[in-house]
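Engineer: Protein chains in written order, with our numbering: chain B, 2 to 208; chain V, 2 to 208; chain G, 2 to 208; chain S, 2 to 208.
Hints were generated in silico from the structure; no laboratory data involved.
Each hint should be verified, as a subset may be incorrect.
For identical chains, the list gives no copy identity; a pair is met inside one copy or between any two copies.
[Claimed, not checked] Here are the simulated lysine-lysine pairs, DSSO-like style, with alpha carbons at most 27 Å apart: (1) 198 x 154; (2) 74 x 198; (3) 199 x 154; (4) 198 x 89.
Since the structure is predicted, the reported quantities are computational estimates derived from the model, not experimental observations.
Number of protein chains: 4
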Amino acid sequence: MNKRDATETKARILSTAEKIFSEVGFDKARVDDVANEAGVNKALIYYYFKSKDEILETLFSGLVEDARRMLVKSMEKTPDVINGDNYKALFDAYIHFVMEKRKILKVAIAESVKTSSGLSVVMELGNLIINAEIDSIRKAYELKGLHFPENKKEMLVMEFFTGLMPFLCFALFKDQWESYYHMSEKELCENFYQAFKKTHLAAHLPR
Amino acid sequence: MNKRDATETKARILSTAEKIFSEVGFDKARVDDVANEAGVNKALIYYYFKSKDEILETLFSGLVEDARRMLVKSMEKTPDVINGDNYKALFDAYIHFVMEKRKILKVAIAESVKTSSGLSVVMELGNLIINAEIDSIRKAYELKGLHFPENKKEMLVMEFFTGLMPFLCFALFKDQWESYYHMSEKELCENFYQAFKKTHLAAHLPR
Amino acid sequence: MNKRDATETKARILSTAEKIFSEVGFDKARVDDVANEAGVNKALIYYYFKSKDEILETLFSGLVEDARRMLVKSMEKTPDVINGDNYKALFDAYIHFVMEKRKILKVAIAESVKTSSGLSVVMELGNLIINAEIDSIRKAYELKGLHFPENKKEMLVMEFFTGLMPFLCFALFKDQWESYYHMSEKELCENFYQAFKKTHLAAHLPR
Amino acid sequence: MNKRDATETKARILSTAEKIFSEVGFDKARVDDVANEAGVNKALIYYYFKSKDEILETLFSGLVEDARRMLVKSMEKTPDVINGDNYKALFDAYIHFVMEKRKILKVAIAESVKTSSGLSVVMELGNLIINAEIDSIRKAYELKGLHFPENKKEMLVMEFFTGLMPFLCFALFKDQWESYYHMSEKELCENFYQAFKKTHLAAHLPR
DNA sequence: CATGAATGAGTCTTCATTCAT
DNA sequence: GATGAATGAAGACTCATTCAT
Chain B
2 MNKRDATETK
12 ARILSTAEKI
22 FSEVGFDKAR
32 VDDVANEAGV
42 NKALIYYYFK
52 SKDEILETLF
62 SGLVEDARRM
72 LVKSMEKTPD
82 VINGDNYKAL
92 FDAYIHFVME
102 KRKILKVAIA
112 ESVKTSSGLS
122 VVMELGNLII
132 NAEIDSIRKA
142 YELKGLHFPE
152 NKKEMLVMEF
162 FTGLMPFLCF
172 ALFKDQWESY
182 YHMSEKELCE
192 NFYQAFKKTH
202 LAAHLPR
Chain V
2 MNKRDATETK
12 ARILSTAEKI
22 FSEVGFDKAR
32 VDDVANEAGV
42 NKALIYYYFK
52 SKDEILETLF
62 SGLVEDARRM
72 LVKSMEKTPD
82 VINGDNYKAL
92 FDAYIHFVME
102 KRKILKVAIA
112 ESVKTSSGLS
122 VVMELGNLII
132 NAEIDSIRKA
142 YELKGLHFPE
152 NKKEMLVMEF
162 FTGLMPFLCF
172 ALFKDQWESY
182 YHMSEKELCE
192 NFYQAFKKTH
202 LAAHLPR
Chain G
2 MNKRDATETK
12 ARILSTAEKI
22 FSEVGFDKAR
32 VDDVANEAGV
42 NKALIYYYFK
52 SKDEILETLF
62 SGLVEDARRM
72 LVKSMEKTPD
82 VINGDNYKAL
92 FDAYIHFVME
102 KRKILKVAIA
112 ESVKTSSGLS
122 VVMELGNLII
132 NAEIDSIRKA
142 YELKGLHFPE
152 NKKEMLVMEF
162 FTGLMPFLCF
172 ALFKDQWESY
182 YHMSEKELCE
192 NFYQAFKKTH
202 LAAHLPR
Chain S
2 MNKRDATETK
12 ARILSTAEKI
22 FSEVGFDKAR
32 VDDVANEAGV
42 NKALIYYYFK
52 SKDEILETLF
62 SGLVEDARRM
72 LVKSMEKTPD
82 VINGDNYKAL
92 FDAYIHFVME
102 KRKILKVAIA
112 ESVKTSSGLS
122 VVMELGNLII
132 NAEIDSIRKA
142 YELKGLHFPE
152 NKKEMLVMEF
162 FTGLMPFLCF
172 ALFKDQWESY
182 YHMSEKELCE
192 NFYQAFKKTH
202 LAAHLPR
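Given only the sequences and the hints, what does the whole structure look like? Please build it.
Structural biologist: Written out as structure tokens, the structure is:
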């Protein structure tokens, strides 16, 4: 294989690792299996990555990067987030992100349980997202010359637990939910949107 | 250590396992460590449990049992759940349960990622709780002679993703949250209650 | 249980051990299984026997004792072993012994492989039997005033390898043989007698 | 130890395992000991073999293969087996095989005791050999225009129990016998040949 | 870049044996 | 005699990681 393939090989290792980590959990996942399923020699994995942990870190960094990019892009598109019509666009951006990244998100959630490792990725990600969210809400209020009823801490808690977490859990349980309650992806998404609109989104509209 | 106290010994093994599983994750947890920290011989663990997996299953069964008990008790106390005042009582019951069981809940969430094992405990638990919840809401409506706007599937989705999940994530991130955002438990709980009231609970009040 | 049962209990332990040892081999056999199948508490086994090894030794001693008794009895009955008619009686005595003791004989053979333990039971048993056999043959010759063509070593070798071993192997493979070649016990015994008569026994008749 | 020499390494593991299995029995044998004595890392054993059992199976397959080869070769050399002179050649082929393979044969016999595993290797081996034997005897009779007194079942029994088993037991007890009865290998072999000739072989000569 | 072979340090599980009652 | 509980010492198997080519 020529040099051009190097990037492709590394990417294949990463996506295979992501898949396997999400299926059996990081600790249960075997480097051997990643190698086999990616079709590369195990030792080659160690040529590209210092350790199994580094693979995970790489995946996590990618996730955070992608989240950042997603945020920037969707903020650009919808400067006025408290306009009812824009809600749907924002919701779609989030749901799309969460569904696409669901494999690595599952791993992130599972790993966030472990207390030892300081700040979990989910907290990092959460902090990133909820601050962006609050910022953009504030801007929207200011844009309209409205007074932004700031209670920062309550806002943070709300954005995190009733805003972000349902999405994360959507990533986590989407597949199980569909098969257990016999819902199609479309049906589930629609119901989820309705539920989210009536709860979290409703709380954001200025009275 | 009294030889007679088999039940106490078994319970000590279980609670130690619960602690360690929640700290490092089930797969990373070592039976050796459980034995040492519980102050029993490792082989004794295998006298009481067929395998490490069986310990986990026992803990999960206990969790589901406790949830069932909690539901029965709190439903008895608050027959009219859509009465604003009762909300707080119900919320408290849930938040108390979730905080007390947070160790095993963390493990349950982390394990629910693994696709292989069919239905995850969180789904089992979720199904149990959201159905009880919907039932009790319906009863409350009927009690008042109000029409219950049934859309079962949307209701399920709402109860699960915007009702239950925030609580579960509260269990998961409570400690990290407190330390990262420098909030006291009391402050976090209060903010969480406000947020939950404005979102999920608000959606339940009959208009 | 009263004291009368003690002997019975010990016997039950022994016969259960014999059964299990013969089914899975001594090393693979678990004291737990012996206890369960014998319907006694595991610790009770250690009340009667110092160790798992002692159970085996007890069984082996019993085997040697029984062999001795069988020899004495059959020698009494058939003083003239080189008389063709007596052959059958002797053969029957052996075949009966071997079939009845086949469980412990299997264990004895399997254990005789291990070099470490000095003289194996099979060698002990073999020595006992072939010497008795040679003695009785010699007596039969002398009784008839015939010259006994003594070549002790060849005689020993013959009695052991072509006389005794087929019987031992009969014990070992009887069950497998019957099921693999679809022979009834009766058919197999009869064929074995014919084969043994034409080979080993034929060599004993004075020409 | 050349890294390239995978075949040699695997062979060394196998022969070391064969040795240790035959000395202490399969169940008592420790993979650790095999690794140490073979001078390889224990994990390497599991790189080449799925389990301890697979090592044994590999050894057994090899034994059966070797037996097959030995049969073909010796049948080629001695087409007329009922010619007195050829007997010795055949006997030598067998005794040589049995002495050379005695380690794994011991294990095979010890393992054949265990009922669980269906057909034992010894039965498999026995079936192979006695059928080859009977075939070649029949051919020898036909070659001479003699009538072959076929009683297949009796023949099978005879070949197995009075033909093959003495050889197998020779493998099993050769060493113990030599040391207990103070016989040299040569002496024992010679006596065994005489005994075998007078018994089993004698029965084969056409009358 | 790529690979087959090799290794050290686990990690679960087993089991003969003993203890306290 | 009898038993449930407890233990020490292994033993099979695993797996992340490295080496030599």
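Engineer: Would you list, in rising numerical order, the hints stated earlier that this structure does not obey?
Structural biologist: none
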